[in-house]
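Chemist: As a plain string of letters, each chain reads:
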Amino acid sequence: MTILKSDKSKVQPTKKTKKIKAYIDGIEVNVPEGTSIMAAADKIGIRIPRLCYHPSLSIEGACRICVVEIEGRRNLVASCAYPLEPGIKVKTISPKLRRIRRDIVELILDNHPMDCQTCERDGNCELQRAAYSLGVRHRHFVGERKNYAKDLSSFSVIRDPNKCILCERCVRVCEEVQGVTALANAHRGFKSVVVPAFEEKFSESICVNCGQCINLCPTAAFIEKDNTGDVWNAIDDPDKIVIGQMAPSVRAAIGEAFGMQPGNNYEGQCSTAMRMLGFDYVFDTQFGADVTIMEEASEFIHRLKTNGTFPMFTSCCPTWVKFVEHFYPEYLKNLSSAKSPMSMEGALIKTFFAKKLNVAPERIFVVSVMCCTAKKFEANRPEMVDENKNKYVDCVITTREFAWMVKSAGIDFLNLEHSEFDKPLGLSSGAGVIFGTTGGVMEAALRTASEFVTGETLVDIEFEQIRGVDGIKEAEIPVGSTKLNVAVVHGLDNAHQIMKKIKSGEKQYHFVEVMGCPGGCIGGGGQPYPVPPHLPLSKEMLIKRAGALYSLDRKRTFRRSHANPDVQRLYKTFLGEPLSEISHKLLHTHYDERKPSGIYKGHILEQDLELKDHKPEDMNKYRELIDAVNAYRAAEDKYSYLIPLLHKAQEMFGYLSIDAMKIISMGIKIPLSSVYGVATFYHFFTLNKKGEHSISVCLGTACYVKGAGEVLEKFKQALGIGLDQTTKDNKFTLECTRCIGACGLAPVVLIDGEVYSQVKPDDVEGILQKYKK
Amino acid sequence: MYKKFLLLSKHNAGSAEEFNRLVNYTIDKIQKSNLTADVSVKIRVNNYYSGNDIILSILPENYNYAKVDERIIDKIIDEYLIKGKEVKENRFDCNELVNRFYENFGNYNYFNKQLRLTLRNCGIIDPESLDDYFKVDGFRALAKVLTEMSPQDVIDEIKKSGLRGRGGGGYPTFQKWTNGARAEGKQKYIICNADEGDPGAFMDRSTIEGDPFSVIEGMAIAGYAVGADKGFVYIRAEYPLAIKRLENAIKLANENNLIGKNILGTDFTFELELRLGAGAFVCGEETALIASIEGKRGMPRPRPPYPSIKGLFGNPTVINNVETLANVPAIIIISGEWFSRFGIETSKGTKVFALAGKVNNTGLIEIPMGTTLREIIFEIGGGIKDGKKFKAVQTGGPSGGCIPEEYLDTPVDYDSLAKTGSIMGSGGMIVMDEKTCMVDVAKFFLDFTQNESCGKCTPCREGTKRMLEILERISAGKGEEGDIDKLERLGETIKLASLCGLGQSAPNPVLSNIKYFRQEFEEHIKEKKCRAKVCKKLLNYIILTEKCVGCGICKKKCPSGCITGEPKKPHTIDPLKCIKCGICFESCKFNAIIQG
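Protein sequence lines, in the order shown, are assigned to chains A and B.
Mapping to the numbering used here: the first sequence position 345 is 345, numbers consecutive.
Mapping to the numbering used here: the second sequence position 255 is 255, numbers consecutive.
Bound conformation, chain B alone (with noise of 0.2 Å):
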């Protein structure tokens, strides 16, 4: 028997050069203390922090390090397995196991302001173990509605949780179950809406790479609640790991009767399908996911009917996000008063975002509603990278919008996030610093959205394809007085005609832009000028005589031709030639070459 696990991790995308380095390290340095016996080394790829760190747990103890590298590895098995000194450096505490809910991360700032509901096992479980499972009391949720509640009370349950949708636009949860429920029909299905397609989004993934069997078990639950025994989860078919543990997670449930017929003996049957997406952002929105599993092109169709009155195949059907649904569980089994306990009055619970841009920290985190943006991108994300200014943070991906410094201390709820013209969305959140370009950013944002569209409706499919081009043309150098009316006015018209939710929302980033950064469009159209340097063809290049040596390195790598001068004397560049494709720049090893 062992008395030690030492348990490295890596992020799934991270270098495996440099963790197969300290892995084999780590078992050789065992190796060679004489510990091979006590002391049992694993690996574990997670996906729950998206850093480039190596993580390492000490089990049964639950010490867990950051940043981990030979000098860290040296000290736990010289200082703590061999002498039984503990060693506190870069050490974060969480009780694995024990507390659930790591209500108390301990002192490592990434995990000090989390509070982990959703991600509650995830890193912590095998996901592709049903045993691993059982022992956070997996299926125990399931079993007690099975046994001790009927539908009605389990809606109540999510009533008083009041928990609302993850996937965005924060829809009650008991009140879409109460439309499945109430709706006439014989059959009716639960779909778990894993179609995850905002750029900078990973939350879904992450959740079912690390927890599939709570999205089941959620999904199982929804399916009493509302009287379905089918459930489909579409997934975006870029994702094969999740795919995969997904697969693995279903077959073991149906293999001991945790989904299938007749479950655990009672009257319930509840079936699951998996069905892969094949990349169509537009198959988020619930219509199209429809269309989608039905073998059409997902294309959204007007509302009503609902999908709770008329959904997939015609009948009855509730889409449900897989955040969501992996809430479930733990609101079952503790209470709903319990989880609403988290969070502010108007939203309940916690939310996983993935952080990402230009802060120190990036990865998955999940922090109760009403956490500041401030202390996520501060005390979370630890600021800035390399010290820069904060500029903006983008939430609710193509859909939401930039928001800048003043509004830094609102708190992350549905209706905040609303106020200030982004949205909560799925979770994505990117930080922005000073040499990120507003422009540049509502240009990238629509073309993803115009990239998208499904082409249905006119507003959409042709409305956003005009904006995209008045911003092209703004990015360009080209961009008229009065551009910035009309993208506004083509936005108002955007937002309110669009069939769906894509639609809807698409002009967001280029609205909240204009609204907060007026003036970086302002410079763009009337100065040409770009301040965060970004857009390359409002950039010039000039060389400044006192530094240049005239090496003539410039002047050969020049693929224009505009740059003149003698050997050993200042070179100058015509400005009419230039390109501005910034290779001078690159290339001179004296500095003399300045962007401006």
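Excised from the complex, chain A in its bound form (with noise of 0.2 Å):
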């Protein structure tokens, strides 16, 4: 199993390894058959300019800036794409690639906006870093550029299309690694745009926070929501106590942030650093999740002594648990009640620390330093908060984030002293260290849950089966005398597949620990951008952000949840046992089935669909529409009959309303954001109610030549409309037609179905008297 979902349309060796000789800048090479030219130039330390290109998501070919030479050819080929044959000649560099490459990026800038001093990717675009090393200076083309808003709706996500490239790998990321598909291509050509579902607000959509299109763009047409003005206003407001808690996977990576390679651990200075910025106490998130294990272990022993629900699945992944109330909510009860870490700690700072400190918990500021997105969103669940509605994390900063304010106080990090976190709530184990990456949370959970089953201590505590950046790992571990089957996934593809397992029945599970994304934590939405040669998704960086964990792990004094004497201390003095009426208070919570606009599943019931504000005889044409989709749900290549059923639902309508792209979506599982993707690609289909009378000028070129042009002026002088609108007393639409194969009666117009021959501007009132009446 790969770290990825089936590698479907990528160019990969086929199962006979035959090698093939060709040539790449007049060098030999030797490759399997069928590896893409440009991962064979690779291979020769010959490395092609490429933007769209990402080596775990399927090939787009789209950027065309890796395009090479193949002799004896007239067409250029995208190097991506395109596998090395026997004995091709291939020029990767010369004078016309050179020029070639230099007008796609002058073209991609052309309509992006020039604001990079200011961009949050100054530094490392890739697009920037493509122009400079490309040697764009000049800039020839100059033109209209998109302007679409911003959308600040979300959380954890901003969405900023006018930064953006179309080169997909977000749209691939979101449907081929997360399996959400919240993000879509809709319209075309220059109107191109990746959109949520109807172009609704990124919070309404089915959007799980996880943040890989973030890691994914190139560019910065998503980025996370910026929250250090927060924390900056908070350490500089004198009545505050700002009170940090950092992520085990933070001090994972954040050294990239800083121009280092992957696998080096940053503990110590992040404490030293969180403390120069001004933070009043500086605590771990890592002790929150020794507690975490402490709940979530007896919580999976209480439902193994109770024979309560199974699986149990982990729930410390915010991007997981929104992804469970999406999709799959009949499985919340299966999900830990245990909160997650982060919020534990939280609800422990304003709690017991407050109570410590003599201070009232609305003077305390929580900020979390995280490897995540999604973390911005769980701070604000309405879960997430005290009696009093206060939230017990105020704020989240990623670990991006954290390292722009670094460098903003002009701290020098890399030379920075180690410090220790403050005490209480700063002491962690070796199984709160291993959180971070996957297969972690089970391994911590499966040292302390075997101790309170056996009550013997455990000798190897290193479960090597669910280690690794496999996608899905499974074991059976042996605790007393019952074996668990255990499973661990990260990338919620890797989930869905999982959960038609365990749905079906295939597969049966005690525990399965889901991370939402690829490697876990050390992943996450909100890390470094990876330093070259590494790429978000690398399997190489995912290993080594792990070992700095793992190596982390092996140098605690105590490597065992319930063995760390702050936590056992904690339940002592304040929570009494775990699951006790009091951690259930603080520390657990539940969660809702939730019904975004872009889900997909289940079965078609009219009350699902909200339809009561149609019209009856409408009721009655959206009752007909659910029994022809239905018909196909059952059929093999279901999402073949997506167009069909669209022509039906605009036969019937006049237009595709909203609810019925829902009814489509959910009847042949495609998600809303493609079938928004394609109602928008395609001229035929309409998204707004049309006039009583459709006016469609023909612009064939034949009509063209002889004047369909003004015609079509007149029109829309008459009308008052431009094309494609309707008037404002809905009698008639202007369109425009390519040819209805009358050329001899050229200029024509058609309306309604009735064809009117060489019309000249001068008809145009007259013919419309006809319709007026």
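Warning: the hint list may mix true and false statements.
Covered by chain B, according to a simulated footprint, are these stretches of chain A (three or more residues, beta-carbon under 8 Å) [what the hints assert, rightly or not]:
1. 100 to 109
2. 207 to 214
3. 227 to 235
4. 676 to 684
Don't read these hints as lab results, they were simulated from the structure.
From the three backbone atoms N, C-alpha and C, an ideal C-beta is built for every residue, glycine too.
Each of the two chains sits in its own frame; use the hints to bring them together as a complex.
Modeler: Take a look at the structure:
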């Protein structure tokens, strides 16, 4: 199993590993058949420039920067997509290629805001890098630029289509790796734009806030919501006691934000830097992780003893929790009720520690430094507040935001003295450390659960079976007399795969750990942009980041959560027992089903659609559409009926209503964002109600040279509307068509199917009069 | 039993009023002449001749008359039907159902140079009647391949014919079929590409409307040769009549076991399904078309893998154009060798064109490959309308280019047209006269491709937009020195670096116009002049004092108030205020205002 879903459309070596010989820039290469030109060139140290290519995603071949010449062929080919063929002679650099690549980058820049200096990605933007290295020094083709509003609605992710270069890496990661498909390309041509379904607010969409779109974006079209301002304000506020907590994987990756290679641990520098920034206390989310294990392991044993609901799912990952709320609400009871380490730590700071300080919790401002964008959402969940509706965590910043703060304060991060976290919520066990990588929560839970069950000390506490970056890992772990079937999953498409098996009964597990991001938190959506040659999702990088955590675990005096003396003290003095009443109040929660508009699961039921707003005659049509859609539910190639069904819906209603698209999406299980993308791609479909009469001016070549353009202008004037618009009285819709095959009668106009031939501008008023009655 | 049939045909977009009048007139006349028992009047709507003409045919003699009016009808009924005296006026000959291939169309110029292979049945059979199709050897070719030929035999026969893809690319059909036949895969597909999207082209639509069965039969034969048991016709949703006829044809063929399971009792199964496009020119590109049938946005993907190896739903898929498939049954029934006799060495058979623009005869024509452009325009097309001067002919639609007068003797075949900088394309052919502005035409086509760009690859999405902006600038009088160079540079980048055929050919209309009509571009840029007087913003309006009577109409109508003058005295136009709308020019009854 790989870290990713099956690499369907990738150019991959075929089964027979036949080797082929060819030449790249005169150098002989011998590679397995099916290797792309780009991959072959990489092997011999020739790095062909690229933007839309990503090794973990399907091949798009869209940016065209990686084009190369093949001797004897007229057309250039995209080296990312083109397999090396025996004997061919490839040129990866030539005056022609240099010019073309420069032109392409220039063309992208011409439709891109020129605000590099104030852009969040300044200095680590792939487009900027490409423009620099290809030598774009002049601009020739400046013209119209796209102009969209930024979507600031989400707690986690800002979407800025103006910076989008349409490489579709975000769309691909959201679909192929995360299985969410919140994003799709909509409209077409110059107006193409990556949006959630119906271009609704991101916060209302099916997005689970994982932030992988940010990681994969070569520019700043996706970026986290910047909360650093809130942190500065709190620090500057003398009344506020600013308390920081930091997630495990931040320390394993933050060095990369300062240009270091992955694999080193910066725990000590992080706590020093936080203090230098002005945090009053610096705690460790890993302490919260140890408490999480106490609660979660106890909950698990309780389920075992009481024959409770299985499999139990971890619930530390806010992306996964939202994913279950959207896609698998029937499994919400399977989620552990334990809050995430961050939320537990926050709750303990504002209760236990506030009491210790003898201050009102309102004076405390909790800042979480997280590898994660979804934690911003989690902190704002209505479940994560105290009885006065005050948030336990006031503000979440990502590893990247934290690094910006450190840089802006002029702190020489890499050379800082190490320091310890503050007590009593800062000491953590090795089990808490490994929470940051896939398999870590499971391993930590097993270390504790095993001892809780057997009462004996576990000798071998490293569970190799569930380590590593395979997408789905399974193991049978003996705990006392029972054998536990466990699974560890990361990347949400893998979660879909395992849910399918659990649902069908093919697999039965006791305990399943799911982390939304590939690699777990170390690959989180808030982590630093990787340092070249690493790329986001790169296995090597994830393994190195995980390695930093595992070696830290080995160095810890205590490697089991329940052995953490401060945790023991906390239970003794404050919480009592795991699952105690106070634990339940502060450290546990529950979740509810969500129905964002992008959902596409389940049976189509009328009441799900909230169709009551429609007129009775429309209701009947909707019922008819539901029947038509249901007819294809079981078809093997049901996806391919999308366009026929859209045709049907448009025929019935005259346009594609949002509800009609929802019915189709649910019925044939195509994500709503994709349905919207398809509906807006084709000219034939309209999302707006048309007028009583449709006027269509033919703009085929024959009609055009015979003056159809002037006729169209006259219609625009006479009706006071533009193309593809409807008059205010809903009487006329003006459209154009490209050739109806009546060139001998040019110019022609079609009104409700009736043909008017040899129309002159002067005829327009007269024609309209016929319909105005 | 009727002794004679009078068949009145009109183009389906022609004037219904005039047609109905003539039909009623004919019925009346037949009644008045007491011929009702002997003569049946039938009407037919056709598509292959798109002039405003009404055509009358007498069957079984198969006398055909063009430009029919009351006078001709009188003459035919009075002189021929009553007195038996042949009427030669306006008559053109074609041997309907006798000489199926129309090698001799008689002396009516429009048909004279034509050779109807693809359109052999169009306008002859009732496209909704399977019986009619049987009369012209319908489905005999399929029966022949299923009973007498191996799949390889079929491919060999197609190879002998030299048939090349009529969709524009000209890829040898046998090669495509061979690739499909050799590809590994349990499930294979045949797709008929009927998503004809070129502005000014309606060959496929007419073929399907006139002879849907040939296309189905061609697909089934292709399916047999390739080993595919499922076919899709991907047709434009904007073609309701073609869809209706195709649906009907599929239904009839299914009912008669000519497609479906175990065709004609053999092991061969071929199911056929119709899929509607939804208005995307790019879906003419194979991989985009496949994406569209799969229910996705019609975006092309890089090739290889080619569809014949990995196509629809990941299975081997052969995609042929309507015209290509319509030729297949004829090749099988007669022979590949016979087909290869038509046309020239590298391009065999015929090609259908939609001839339109500023020629006297417009409509669908079919000519043997190798016919020159001059023959098409001046003989078949009857020369330029209103005695104007020929300027250029555009072939290949938005992927092609404009060919100027000095290349009029270019034979129409894949390779010769490519050498001029244009392409054969799917069959649009628009004639332009001196009143056509070549900057404007370049703008028109680029506006089209820019609108139709799917937006996937950078050069096409961004590059065509910038080229269009430059052209808009030039035609608005804001062209700058260096704009032509920029167009050429962008054009080359887009051609070389785009992902699919749409982008790779999008700059052709601009580049070929610059190549042949550079002078016109330079005039627009440097002298701010449009010699064809099409680019409105470049026009100046002047009132000739000697002709102006001071009636004041122009002054009243001018929307910008730039005309001044006392009543009954010559008026003047303030060129700085003038918005160049041309209203004064149109409204002056004394020809006192000139455009320049």
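Chemist: Each of the hints needs a verdict: does it hold here or not?
Modeler: Against the structure, the hints come out as follows:
no.: 1; hint: 100 to 109; in the structure: holds (count 5)
no.: 2; hint: 207 to 214; in the structure: violated (count 0)
no.: 3; hint: 227 to 235; in the structure: violated (count 0)
no.: 4; hint: 676 to 684; in the structure: holds (count 6)
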